[in-house]
Every structure is written in structure tokens, then in C-alpha cells.
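**Q** Following the hints, put chain B in place on chain A, whose structure we already have.
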Amino acid sequence: MIPLRLRRWLGGVMIPLPLRRWLGGAGGRLLVRIAGAAALVWLIVLPLAGGASDSTLFTLTLMFTSVAVAVNWNLTGGFTGYVDFGHAVWFGIGAYTTAILMSLQSNGLGIGWPPIPAILLAMAVSGALAAVIGRFTMHLKGPYFSIAMLGTFVAMREVTRTWGGLTGGGVGLTLPPYLNRQVFYYLELLLVVGLVGLTWWLRRTRFGAALVAIREDELGAQMRGIATTRLKVAVFSFAGASTGLFGGLWAYQNTFVDPDIAFVETRTIDAIMGTLLGGLGTVLGPVLGTVGLHWLREVLWTNLLDYHLVAQGVLLILIVLFLPKGIVGFFDARAASLRELWRWGADDSAAPAGGPVQSEGDSARRRRPVEPDRAGAAPSGERTQRTQIVGASSIVKRFGGLTAVDGVDIEVFSGEMVGLIGPNGSGKTTLFDCLSRVHALDNGSIRLGTADITRLSAYQVARLGMARTFQVIRVYRDLTVRENMELSVQWGEVGIRGLFQRTDQATRAKAEQLMDFLMLDSMADEPAGTLSGGQRRLLEIGMALMSNPSLVLLDEATSGINPTLVEDIKDRLVSINVEQGVSFLMVEHNVGFVADLCERVVVLDSGRKLAEGTPRQVMEAPAVIEAYFGAEGRRKPSEDGAGTGAGETP
Amino acid sequence: MTWLSGDRIRSQAMQRHGLALGVLLIVSFLLLAGCSSNNPPTGDRSAQGADSAFAGTVKLGAALSETGRYAVEGQDSRQGYDTWVRWVNDVYGGIRIGAGRYRAEIVYYDDESDADTAGNLVQRLIDEDHVDFLLGPYSSGLTTGTSAIAEANNVLMVEGNGTSDTMFERGFQNLFLVATIASEYTRSGIDALAARGARTAVIAYEDTSFSTAVAAGAARHLEANGIEVLAAETYPKDIQDVSAIMTKFRNLGPDVFVGGGHYNDAVLFANAAKELGFKPDGMLITVGPSNPKLIEELGDDIEGALGPTQWEATMAYEGIYFGTAADYARYYESLWGEPPVYQAASATAAALALHLAIEAADSTDTDDVRRALRDLSADTFYGPISFDGRGVNTAKPMGTVQVRDGRIVVVAPDEAATAGLHYPLGDGTAGPTGPIGRASGLGQLPQAIVNGIALGGMYAVLVLGFSIIWGVMGVINIAHGEFVMVGAYLAWLGNDQWGIDPFVSVPAVFALMMALGYAVQKGLVSHIIGRPHLVSLLVMFGLAIILQNAMKLIFSADFRRADTSLDGSWRVADTLTVPVTRFWILAIALGLLGCLSLLLARTRLGKGIRAAAQNREAASIVGINVGKVYLITFAICIGITGAAGAMVSPVLAVQPFQGPPLTLKAFAITAMAGLGSIRGALGGAMLLGLVEAVLALYVEGVGTNLAVVASFAILVAALVLRPQGIFKGLRPVDATAS
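Residue numbers (my numbering), protein chains in the order written: chain A, 3 to 652; chain B, 20 to 757.
Isolated chain A, as found in the complex:
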């Protein structure tokens, strides 16, 4: 069957694996550089050598426009994971702003500005409008964002049509013709090369990495201190401005705009198809894909005539089903895969909660055994200086009629390890979510150090030194372990300038050290999605520690993990606590683990604090026993809590 053969071919039968590896690595980079340089030289020399007629230049200029729109689309759609179905709206707005400013016609403003200020203002207007609209629509996720943008696109077109006094309505506006093809050709070539260079550079800065983090796991990124809203709106606005600039240039060349030719859905569709064909979320993908698409169109156009539009539909389906990573992604494993994108959309529930059990080999590989001296005494017991790290009072959180957290007070002192236990549904994770500001509180207040964080956002809380891990593991699956670590820096210290720099030496060294410490160093350059469940827990802990936290919230750090590895995790936590003075607040079902580590335990039941004290005190409290086993329960809770295997009765 053809599809199977196609799949085999795509799978690499036709290209031997070593060759693919080489192409995906150094060889690919070399080839891309040589080909890119050759193409650029050819494009620069072509008109000078007189080898190109005006129409060739015009064709190429239009192709530059398509490439630019695809590159801009890829910034939000590919890097940030916000698939915009209405991106062409910025093209239309750029084109119209330029036309309104430049037209001398009586059905517009008739002010006849010169082109350069008009096009620059058009760029600014598109960017500003994108910032405003993005502020609202980027709150939506997945298909909702896509369709909201499509709605915005259609609405803008109709507004343009209806607002005749400004835009000339359906009649449109004509611009004074200036048709020096060479000028437009070189200008757009320069801009496109600049734009591609800019995305290449951006992808390597912290900003670019943070965008990918948003795509991979927006909530996780937020809780690790990334100001996701600000960044995604910024990049959306930049893409809007850039597309608006090309829209303005297009209007000037076309000498005429009306709503139906300025706002064209196919511009968005071409950008999406080109980017998909080339490789979503890659720097060169949109460029290669758009050029490839133009070539394919020529082939379809001349050979299939009337049927070329039908063929285009078939092509789209084939690309999506058989080439989900595009041309670039075929060689580069790190390109975002279409299948991976939006996994929180369709199959959220399918995200692995525990993952495969850690293999035996892992514990054998550990290099720095920490002295297993954990006999009874809590590590922070000797500390005398006890300043409060976090203090929350009378926290209330309701979900509809259910009060998940009902007036809980909780505090953690510096250097302390505190356990938070309770039956399922007692509100432990909800309390964590309240503390790290995932949820808005219905009542109560939270202080972190000296700051009142009751009304701050999740990323601000993270920047103040509260890091956390998650019950359902949140790592950036398509990024390598190293990238995951380097992305989890203390974002409060990064600042605007740091945002546009590559990761500094100190951060890299720190990540290296932590990976070594957490036995992840051998996996450093593997995508985090390939780690086992236990390794991902370790990675999460490492990511939390990267941000120099004063407090780490651990949400079921041991669930689904092999007992030997649990011991390792325990060792690591203790040494971090002892050596760096980091406090921990941990939700655990493994009561033995809590009893070993914590000097103080808080028990929740039905959203209320049931008991607080040393592990032994708490576990002997009748209320606790009753909560776990009912009024007649005689056994101790630890026997139940040790479900995952490593617990010991205290």
C-alpha cells in the first residue's frame, strides 16, 4: 500500500540512519549554512546581473512576503503554541493603515502622506492593536484561541468594509503608484533576512526559551516564575507589527486595497501550511516550507489545472498525517511535533501521571552516595533561628458548592521541613494551589517572607522564592533535561536585558552541578519526555532548586516511584535542606517518608486542619485515626499511607 510505503520512506528506510544523524547534526548545520549563503548571494546578485525581469522580481517579492508572514505566524503558532487562525488580520490592518495615510482619494482621509512614515506608522498600529487584542484572546487556549482570532479577522474585515468614511468601504482605496520593483525587492529581501536572523537569535535567548516553555506547559512556566502573559502578548504584538509592516509594503506595491484583497484567509492558511510543511517551531521551517509550497503549487497548478485546489486539500491532509514534524523536523528531533502540541487540548487526561517505574540501574548509577544517617532526628531540629518563611491564615477556597479548603492556617519556618498529610480529597493539593497562587482565594491571606502575596500572580510568587513540584508531573517534554533546568532560573533576577541574552555561564554551571547531584547528568541532552517517572520527579525537584528558592512545595514527590529511588530522593532532600537551608512543605501519602523527614506534620481532613505536631503526636491523635479509618479504626494510619512501598511505621 502506498501510505505504508510512504511512511516507511519517511521513517528513514530510504535514507540510512547514520546519514540522517549526520544531517540532523553537524552535517545539517553545514549544509544549511552553505545552501543559505549560496541562496542569499544568488538573490542579491540576480537583479544586478540583469538576470531577472521585473516580473521575476515581483514574484520573488511576493514570495518574501509569504515567507515573512509564515515566520511571524511561527513565532506565536510554532514557538509559543498559540495557533492563530486569523493572523492575516495584521496584514490587512498594515495594508489599510498605509493606504489610509497615503491615499489622496476623497473616499478616504485624502492626506497623502509619504510612504516611509505611513508604513512605519502602519507597523506601529498593527503592533499596538495586536497587543490590545492579544491581551484578551491569549487568555483562551487551544482551538478557542484559534477560532477567536478567526472571528477577530472576519470582524475586522467587516468593520473595514462598514467604516466607509475612513476606509472607503467596499470600494477600497487607491495609492499613488510607485512601482520600482528593484527597490521593493531589495527592501523586502533585507527585511526577510533580518526577520529570520532575528528569530534565530530570539530562539537562543532566554525569551525564546521561555516562549517554548509556554508552549510546552504554560501553567508550569508560570509557576516557575515566567511572566507568561507578558511574554506571549509581547511576541504576539511583535508578530502583528512585523506582518503589518509587510502588509503596508504590499499595499504600496499593489497600489490598491479593498477589504477582500487586504484581508484574505489564504494568507493565514498559506502561513500555516508552509510552516507545517517546513517544521513547526523551527527557525528555518517556515522559510523552507513556504518556498516548497510555492514550488508544489506551481507543479499542481500546471499539472492539475482546475483540480489544483482539491489537490491542495489532499496535500494538507497528507502533511498533517504523515509529516507531522515537517521538513526540518524530519532531521531535527527537537522540532515541535504537531502531535505533541496541544496535548493539554484533546487528550489531557492521557498525560502520564506516574510514568514507568524507575529501573534498577538508576540507583546503581548514583555517584555521590549521601550518608544515610537519617535516624529519627529531624535535620532542622537544631536550628535556633526560626524566621517565618510562609504564613497563611484562614485560607478558604470554594469550588461551586464544595469548600475544598476551609479556614486553614499554616506556617513554615526557615530551614524547616513540614509534612502535609490527609485522606484523599482533604484539600492538600488545593491548599498548595492556593499558596502558589494558581487559585484565587475566597478568603484569607498569605505572607511569603515579608511580602503579602495574597493578590500576586503565580509567577510573582515564584520570583519571591517559592518553588514547587506537581502531583501530575510538569516538565517541558520536548525540551532537553538541560534546557528544562536552565529555563527554571530565578526569573526575578533576569530582567529585561537578561531576557534577551543567552543563558549565562553561572546558570549553566549550576544546572550541571544540580543534574550531577540528582543523577540526571547522563540524560542531560535527552528530551525530558523520554525520562522515566522517577527521573522526571527528580528533574522537577532540580527545576525547583534552580530558582534559589527559600521554600519548596513538594506535591507527592514519591508517588509512583521505585522504593530505592525514594531513598535517593530522601537523601537529596536532606542534604539540600542541611546544606542550603531550603525549607520544604510536602504533601505525601507515603507517611513513612514524612515521618523520616519532617519534624512537624499538619493533617488536613475535609478542608480543615485536623491536627498538627510531630509525626508521632499526630499519628496517635484519635481524630487523625478516625479520619483515616473511621471511628472504629484500630490500625495506625502509616499502614495505609505506606502504600507506595518505602514507608516504615515510626
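These are computed hints drawn from the structure, not numbers from a lab.
Here the structure is a predicted model, which is why all the values come from computation and not from measurement.
A portion of the hints provided could be inaccurate.
Unchecked claim - Computed spacing ranges between beta-carbons, pair by pair:
hint : chain 1 : residue 1 : chain 2 : residue 2 : range
1    : B       : Phe574    : A       : Gly167    : 37 to 47 Å
2    : A       : Ile46     : B       : Ala243    : 52 to 62 Å
3    : B       : His149    : A       : Leu192    : 27 to 37 Å
4    : B       : Gln192    : A       : Ala40     : 40 to 50 Å
5    : B       : Ala637    : A       : Ala442    : 28 to 38 Å
6    : B       : Asp384    : A       : Gln184    : 20 to 30 Å
7    : A       : Gln473    : B       : Val523    : 55 to 65 Å
8    : A       : Gln473    : B       : Glu636    : 51 to 61 Å
9    : B       : Ser353    : A       : Ile113    : 54 to 64 Å
Stated by the list, open to error - Some chain A residues well away from chain B (every beta-carbon gap over 12 Å; in silico):
hint : residue
10   : Gln107
11   : Leu111
12   : Gly199
13   : Asp260
14   : Asp262
15   : Glu267
16   : His310
17   : Gly427
18   : Ser447
19   : Arg504
20   : Arg610
21   : Pro624
Claimed, not checked - In silico SDA-like pairs for lysine to any residue, Cα to Cα no more than 25 Å straight-line:
hint : chain 1 : residue 1 : chain 2 : residue 2
22   : B       : Lys647    : B       : Ile548
23   : B       : Lys571    : A       : Val301
24   : B       : Lys256    : A       : Ala157
25   : B       : Lys78     : A       : Ala54
26   : B       : Lys78     : A       : Ser55
27   : B       : Lys571    : A       : Leu320
28   : B       : Lys571    : A       : Ala54
29   : B       : Lys571    : A       : His296
30   : B       : Lys256    : A       : Trp165
31   : B       : Lys312    : B       : Tyr442
32   : B       : Lys78     : A       : Thr61
33   : B       : Lys256    : A       : Gly166
34   : A       : Lys512    : A       : Arg499
35   : A       : Lys512    : A       : Ser416
36   : A       : Lys611    : A       : Ala623
37   : B       : Lys571    : A       : Glu300
Even for Gly, the Cβ is constructed at its ideal location relative to N, Cα and C.
**A** Positioned in the frame of chain A, the structure of chain B alone reads:
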């Protein structure tokens, strides 16, 4: 419940098999389609049969639409140009320059009805094909952009099918129009109507360059004749339903209705007028009545309509070349096997004007020929040609035709007329559904509410399948509107071929569409369930493109309409009527919603569907064959969607590209109403219908435009303000990013 349990492994294997089969089917369809293509290859040169007797060649070029929106008119224009080429080379013996005879050649490219492509191609014609002169593309929009390129390159462009006034306000030196300019289109018709006693008029026009110019001209001519304009309304291009405008007009009770637009708009006007019982004494529609195809499509419903025409074969024009108008028509028919429409005659005339100017200048030099064009004053089969300073032919008046007993007769101006104007239509008195008392302000509210509920009922039945597929399967069916379209075409086909009422054919369409749904689910959708939304969006989008263009290839892009006996309107009160067709759609919609609610609530199948919607994994673990549930759900939903298409086929124009706006509305309603919520679908549809109806009826002039924006404004507002949805559906809506 044996059908619900099943072997998942086997079904997966079958799915893979099905995918291969699906792709193979599509590919073989394409191959077949490619082989049977009988169109001449694009970009070829006509009249290659060069005769060695020619001293040389005069090379002309044109970008014309062979595909896309203007494919029909583009084809007519091309035949018009080719008529001239054939005549000049075969009959006339070549263009006379100096002592020699020169062969005429035209290089064509397909501009795909797209402005960028057209501009690019004209540039290519100038640079690479080195054409001596350019002939115009079809439509004002394409001519505006391409003429700027011609102007910048100092190449003459003579054209007959881009008549918008604004084009000639630019002071171009190289653009010449042989046809009458848009603002003059309605003059002879309005003069004739005024002479017969018309006193009031209303105008509706598409908000595009050409139609706006026509309408502005009409308003001027009406005023000059002392006819009061009671209302002027615009509507956006690609609209499918102008009944809101027609309701407003009917309530005003004007003598004359003036409608501006393109061919397809005439179908919309006739549809809505019939549905609402709006029968003015005179109807003047810009494009359409002069086209025999329209009469074939609409029959009695277009009887008596007036339309401007650039040219008719029956006109009494005669020139030295081609002879009389009738001679030209005979020659044209001998070449192409069909009588010429005026777009074709205009194209021939444009080429002929250029021919005359070249011979007058005795040169192909641009400046000489331009001077000759300026000085040209000739009588032709097309009428007199003489250009003014703008490059517009002001010598030829616009004719007006009337549809009489299914034939087209010229009724104005007097010198070209072959029959008198029939006015007023009917027996001259207001019929039973004649003008209705003028209502304004709150008086219109009952009508707006009735219209809104009727519209809402239609939306409800249109949105249902989309909502349930999303709710149950998690697939956003972007091709939803295309399934409506296919259903509508099936009903139209039954109506057109065998005269079956679309309401009668609903069960048959339902069954056929269920089969289609079954096939699509097996071959395509089963492979994308559970994949990220983007995958399903893009795959279904690809399917939508395929369906649109396949239907266009089969049925052409012309608007169609199915006839139902359940038409007209019930007059409830002086200012209140109920549209009959929509009432029945609403009734059937409510029935369908009720049946579906029962199916979901009371049957085992319904329980299976709800379980699969809540949690696919869990449902399959407890023994429900989720694949089968999906298959049945999808088939039923596509069946309902197709049946909805059949029901609306008398109300909305049936055409290949009617889908996307419907899909967007379905999305808007579903996202705000709750996924798979039947009550929500009804509520959301009603809300949208009411908002649109009130806007369209209350806002002067641009109400219909605003109604189009409204659904998107509601969508975006609903998503941003209430991302969790308003109603409780089969699965929760959760639109927030974080």
C-alpha cells in the same frame, strides 16, 4: 448490547486499512480528474495556426479568471477576446499596418480571481511575453490593480469588464473602457420607470467597488427624476440571505426596488422577495436579468425584472466590422455553441477598439495608438465608441432589458428598444401580500422577534451536528458547513431533476449523508480522534477544501435555489408576517432536537454516547465499543447536518462556498452554549438569531453588515468573558489558557 462491545485490536487494524483505502480513493479520484480534464492548458497561446502570409504578429496579453470566484465571467470574457482573434485572423485577414497584414495573438494566464496573482501575471505579460498591448481582466477589483501596473510600465490596457468609477478618477493615461461606466448602469431603466409614474424607490447593494458605484449612480438618477429614495441598504459580499433587508423594504412599500450586485445576488433578491411576498411594481437588478441562465434557474420568480445591459444581440447597432449586433451573435455562436452574454461582447469590443486604433495609428507604438484611441469615434456592433478624457466610452448608452414570459427583451433606451416597458407588474394594484403599513421604532419589534426566532430555528438545526460531534468525539468539525452544503446540493439536485420538494427529500438526504458520514468517519476521522485539536482542525480543513472545490467542479460556482411549495408568508397583523418556509424549518428543528434529547437520555445508545463523551478510556474499559459509538454518532450527526442543508436549500443560496460562514456560526453558538448541549444549541442559536434580526432591521443602511460582525463579536465576547460556556454540555468547555 453486542454492538457496543468489540475487539479494539481488530478495529485498530481495520482503521489503518481504512486510512490507506481513503487516501488511495482520494488519489485515484484526483488522477481520474486530471485525466478527464478537458480544459485547454493554462497559459497557452490561442490561434496558433499561423499563416505564413502574415507580415508579423501583434501580441496582446490578458490575465483572466479561469478558476475562483470569477471563473464563469472570466470564461465568457476569454471567449469574447478569442472571437475577435479568430475573426481578425481567419475572416478579416490580419490587422492592417502599413502595407502588411499582422496576425493577432493573445497570451492568457489564469489569475485565479486573485488580485496578487493577476498583478503578478500582468507584470509577467509585460516583461517576459513582451506583449504590445494589454486587454483587461474580469471585474473592477482585478482591473484596478492590474491597470496600475500597466500605467507604470506605459502599456495600454483596453477593457470592457471593469466599470467602477473610482478607477477612472486616478488620471491614468493608459486605461480605456469601451463599456458604459458603473454609475450610468441604471440610467435608462430609471428614466423609463419614471416616465411610467414610479414615485418611490429603495436600493440594496453589495458593498463592493462596482456595486457601490452603480448604487451611487442610481441614487443620482432617481433624484434627478424626482423619485424619492425611501431607504438604501448595503450588505457584505458573500452574504447568503438578504431577507432582513427585504423585510425592511417590504414594510416601506416602495414602487421600485433597485438591487446592485453580481449575478448571484439576483438569486438572493428573488429568493427573499418570494419568501417574504415582497412584490414591488418594478424591480431593477444590476446583473442577472440579462443572463438566460438566471431565468432558467429562477423561472417565474424573476418574471418582469428589469436589468441593465451593456449589449444585447437584439440591439439595433451596426458597424463596419462584424456587421450588426445579430451578425456578431451568430458568428459567436458558431464558434462557441452558445449565444454571447454581454460580458463576452464587451470583451470583443475592447479588442476591436484596440484593433481600430492600431489601424488608425498605422503603428503599434504606444503613444501613437493612445492618440488614436483618444481620437477614436466609431460605430460598432457593440454601439458607438468614443472615449472621453478619463478613457471612458461615453458615447454608448446603457440598455435596459426586461424578463417577459421567460424571454429577455430590450425595453430602454427607446432607440434600442424592441418592446415597451411592462409597468407596474401584476395587475397594477397591491396584491394580497402587497405593501405593509410602515412601521418604525418599537412597531417593528414584533417582526424583528419573529424573524429572529425563525433565523434561530435555522441556526439551531444547522449547529446541532457540529455541537454533538465536538461534545462526544472532541473533534472540531471545521468541514461542518461543507456537509450542510453537500446536503443542500443533494436536495437541489432532486428538486432540479425530478421536481421533488426539498422538505420531502429530507429523509433521503438524511440517509445519503449518513452514508457519507460513515465513510468519512471510517476513512479519515477515526485516525484523528484523540489527537491534538490542531490535527483534527487541519485535517477537517483539508476535507473542507476538497469538498468545496469538488462541488464547484461538478456544479459550478453559480448560486442555486431549490423550490418548495411551503413558501410565502402568513400575514398575522398589519406589521407582522411569519415566513412559512422558516416556520417549518423551526418546527422540524424542534422535533429533531426533541428526538435527539430522548435518544441521549433514554436509550442505551444514548448512554453509550454520553459515557464516551465523558471519558473515553473509562467507557472502553467498561465494555463500550467507543469506536462504534463514534461511528454511529458521526454518521447520525452528518445525516442531521445534511438534512439541515436540505431544509435551508430554499432559503439560503446553494453554492459551493456557503460552508465556512456556517461553520463559524456553529462554532460561535457551540462555544458559548456548551459542547454537545442540545438545549444550549437551541438557546445560543436563538440568541444569535435575535441579535442579528434586530440589528438588521433597526440599523439604517449597514445593519446587515453589522449583523455579520455580530456573531463574531458575540463569539469573542463569550469566549473571553465566560470561557467555561453558558450551558452545561456533554463535556465541559474550558477555554482558559492557564
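**Q** Could you run down the list of hints and mark each one as holding or not?
**A** Against the structure, the hints:
1. B/Phe574 - A/Gly167: 37 to 47 Å: holds, 40 Å
2. A/Ile46 - B/Ala243: 52 to 62 Å: For alanine 243 of chain B against isoleucine 46 of chain A, whose Cβ atoms are near 60 Å apart, the range 52 to 62 Å holds.
3. B/His149 - A/Leu192: 27 to 37 Å: Cβ of histidine 149 of chain B to Cβ of leucine 192 of chain A: about 30 Å, so the range 27 to 37 Å holds.
4. B/Gln192 - A/Ala40: 40 to 50 Å: holds, 43 Å
5. B/Ala637 - A/Ala442: 28 to 38 Å: The hinted range 28 to 38 Å holds for alanine 637 of chain B and alanine 442 of chain A, with Cβ atoms some 31 Å apart.
6. B/Asp384 - A/Gln184: 20 to 30 Å: holds, 26 Å
7. A/Gln473 - B/Val523: 55 to 65 Å: 59 Å Cβ-Cβ, so the 55 to 65 Å window holds.
8. A/Gln473 - B/Glu636: 51 to 61 Å: violated, 19 Å
9. B/Ser353 - A/Ile113: 54 to 64 Å: About 55 Å separates the Cβ atoms of serine 353 of chain B and isoleucine 113 of chain A, which means 54 to 64 Å holds.
10. Gln107: violated, 7 Å
11. Leu111: holds, 16 Å
12. Gly199: The assertion about glycine 199 of chain A holds, with a minimum of 26 Å to chain B.
13. Asp260: violated, 6 Å
14. Asp262: At about 6 Å from chain B, aspartate 262 of chain A fails to clear the 12 Å cut-off, so the statement is violated.
15. Glu267: violated, 8 Å
16. His310: Histidine 310 of chain A not clear of chain B: closest Cβ-Cβ about 8 Å, inside 12 Å.
17. Gly427: Per Cβ check, glycine 427 of chain A is outside 12 Å of chain B; nearest 19 Å; holds.
18. Ser447: Holds: least Cβ distance 23 Å, greater than 12 Å.
19. Arg504: Since the minimum Cβ distance to chain B is about 26 Å, arginine 504 of chain A lies beyond 12 Å and the statement holds.
20. Arg610: holds, 28 Å
21. Pro624: Check passes; 37 Å lies beyond 12 Å.
22. B/Lys647 - B/Ile548: holds, 13 Å
23. B/Lys571 - A/Val301: holds, 21 Å
24. B/Lys256 - A/Ala157: holds, 14 Å
25. B/Lys78 - A/Ala54: Holds, at roughly 22 Å.
26. B/Lys78 - A/Ser55: Cα-Cα ~19 Å, so holds.
27. B/Lys571 - A/Leu320: holds, 22 Å
28. B/Lys571 - A/Ala54: violated, 37 Å
29. B/Lys571 - A/His296: holds, 23 Å
30. B/Lys256 - A/Trp165: Measuring from Cα to Cα gives roughly 15 Å; hence the hint holds.
31. B/Lys312 - B/Tyr442: holds, 24 Å
32. B/Lys78 - A/Thr61: holds, 23 Å
33. B/Lys256 - A/Gly166: Answer holds: lysine 256 of chain B to glycine 166 of chain A is near 15 Å, not above 25 Å.
34. A/Lys512 - A/Arg499: Answer holds: lysine 512 of chain A to arginine 499 of chain A is near 20 Å, not above 25 Å.
35. A/Lys512 - A/Ser416: holds, 23 Å
36. A/Lys611 - A/Ala623: Distance of about 13 Å is within 25 Å: holds.
37. B/Lys571 - A/Glu300: holds, 21 Å
Checked against the numbered hints above, the structure violates hints 8, 10, 13, 14, 15, 16, 28; every other hint is satisfied.
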